[in-house]
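Novice: Listed below are the residues making up each chain.
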Amino acid sequence: MSTFQPWDVRQVDLSVPNGGLTAAPDTGGIHVQLHWKSIPLGQLWLALNELPLTASDFLRRAARAIAPAVGDRLFEHGFRAALPVVGENPARDKPAELGPLLECCQPLAVIERALGQIPVPKTSVSVIVCTRGRPDPLRNCLAALARLDPAADEILVVDNSAEGSARRITDQFPGVMYVSEPQPGLSRARNAGLRQATGTLIAWTDDDVVPHPFWLGAIRRTFADETISAMTGLVLPLALNTAAQVRFERNFGGFNRGYRRLTYDRQFFSEMAGRGVPVWDIGAGANMAFRSSVFAQIGTFDERLGAGAAGCSEDSELWYRMLAKGLTIRYEPLAAVWHGHRAEDDAYGAQMEEYMRGHVAALLVQFEKHRHSGNLRRLLLALPRHYLRRMTLRGGDVDRSTLGREMRGCLRGVCHYLRNRPLRRTSPASAFSP
Amino acid sequence: MLIRRKTRPLAYILHEAPAGTVLTTEVLRSLIAEAAAGKIVEEAIGEELATSPVASAKPSVTAAICTRARTKELARCIGSLLPLQESHGFEILVVDNAPPNQETSALLQKFPTVRYVEEPRPGLDFARNRALAEAGGEWIAFLDDDIVADRWWFDALEDALRENPDAAAITGLVLPLELSTTAQIVFEKRGGFQRGFDPRRYGSVLPGNPVHPCGAGIFGTGSNMAFRRDTLRQLGGFDEALDTGAPLPGGGDLDMFFRIIRAGNILVYEPRFLVFHEHRRDEAALQRQYYTWGLGLMAYVDKHRRADIAYRDRFRRLIRWWFHDQFDRLRSSLRGRHPLPARMVLAEILGGIVGLLGEYGRSRRRIERIRKEFS
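Listed in order, the protein sequences are those of chains A and B.
Under my numbering, the letters of the first sequence match residues 284 to 717, in that order.
Under my numbering, the letters of the second sequence match residues -9 to 365, in that order.
If we strip away everything but chain A, and leave its shape as in the complex, we get (with noise of 0.2 Å):
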């Protein structure tokens, strides 16, 4: 096998003139993040071999590469993205028209124009980073916060270190408050740095991402939209310098969830309900964002789940309570942060096991609190059959090199969720004061 060699993560402005794309020397390629300005629309994977890249070539390519996003901005049909549903038509869109698309011209200075026009709403927001003994990204992490136009209503960080270690961290940045949470957990760290905040709009984002500038007025502006209770949005690799980052991004698929709009209501949650509603596609918690009031509604997360406890999906189990009551959920890509991917090579499986333990544990907590028997389906027959294909099935392209880590969540996932069974659930809805 080759050696690993670091991606290069470059960011491209296609109102730039480019004058094509050439790879740095000792690098495994370019992984290109296409904006147009401040709205990011697609991506490139080119590796080394496929370099340099022309002009006219790299136009192409990203003008491919970006068409859905900017179809789905410009038109009413044609261009809407599937959700993780099982159906006839998953995008539940209609035929494009042709008189709109035939009227399309200058597409990206008509959809930043389109965009421009939209106020964005002063609403307050509260933005809530969770951080556990990881002070130089947190710094970098508050570092973006205060360049953030428009900017946040109030900054809390909770530090989840019994050591308090990021007090020193949160006393350089003025204004920003701090929160201690020595308890681990980080659902119990989520729901003391709820109890604090004070936002119309609560805003997560994790202490190893770095939100982009016009982060807030994305989400200030999808909240304008009364019928949206929470939402999601995009989040890219801040970096590629391991493989274990780039396998996560590229194999896995990171935590991207693609560039044009999502919408997940009620329909979305009964169409799946009998097979266990895929609510971790939804997003990730290092970008995300409720409106206060569905927390008197639906409880807050659940302290069994999340890094430090199951591992993780306390995000998404919260997601399931909100759409099993039939509140709608929007992922919105113009909300874009950037994620510091785990660097350690032997981190992927490691975040796959905790990824699965989480999984199967959340699977069971939404059983025991909703009865639907989609859960179990997944769990005993959905996950099982997947392993068994990946375990069996003959071919070079089947990533086999985590299966064992995952199982093996699989197992500590129910484990987790029978140990902790008796325990206190979410504080009742009824307790919580805002």
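It should be emphasised that the hints constitute simulated quantities derived from the structure, not laboratory data.
All residues carry an ideal CB built from backbone N, CA and C; glycine is no exception.
All the pointers check out, no bait thrown in.
Derived DEER-like restraints, expressed as beta-carbon distance ranges: (1) Lys320(A) x Ser170(B): 47 to 57 Å; (2) Ser170(B) x Gln389(A): 37 to 47 Å; (3) Gln550(A) x Asp188(B): 28 to 38 Å; (4) Glu6(B) x Gln389(A): 33 to 43 Å; (5) Asp454(A) x Arg152(B): 57 to 67 Å.
Based on these hints, arrange chain B on the given structure of chain A.
Specialist: For chain B alone, kept in the frame of chain A given last:
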């Protein structure tokens, strides 16, 4: 139906309807939107992002038509090129291959701006190499006599050369001139000569294709291809043992595409570089064509798998993949799920087998005799 936006072809729609059907504007609009929505947006974005082209010296071009005793088709082909020649000024060269009579040279009397040369040795690649020796242009575009060049054929070539100054070969889109007979419709449904509507640059690596560049069929087709003349000459021209007419009428274009890329050059596929081809009208001729496709491909493969040790594995994989693919096609054809009748698929498979069984070697001995005869 060919869908274009400005001069660019975006999609080709084959829509089956009983005789007498009137396609309403509405149906037409939805057909077009369905087939080309993504491409229309892509084109609009491309236009918005395009930087003003850098003026560069235009290379001189020779359009070479190799023909043999098909004056009707040849006159039509030349007729489509003359207006382009008038507005752009390039050389048109007709190579008359082993003419059985004087009809072609007589026809050429009517076209004073078209050069005529005769190549007595029978075989398409003898004719192509003759064109290569005679051509005055820095670029030489080979056309079959049974095509009609599109109005923007020459503009597309110039644009492609400006956008890809490093290219050694440009291939283009070939669409049907007519779909009058069952054979022609069957051929086009099976994919015809189409290589899609996305321009592409091919170099020594093609991600996701382990047999690249041995599967030379994706690069284009011999009825519409242009090359940098000096590159062709350095490579020694076309292989005269391929494309000899019966019994081995094919493979010369694939062989050249492969050699172009194997030597480290860039090949560009540009769908705007468009011609219309008169497909074989009757089924017997079509069946023969499928046979010769299999034969030509495998003769080319056989030649290189022996000579090119470094790529031998890729050629082996290509052979395995090709037969696998053909038998899949045969199976679905027998179940009535493929537009191509089983005997056509069988003909292609049979051609492939004959091609692998030393046809190339036999052909070399045959052309050696032809060379001696005419020296």
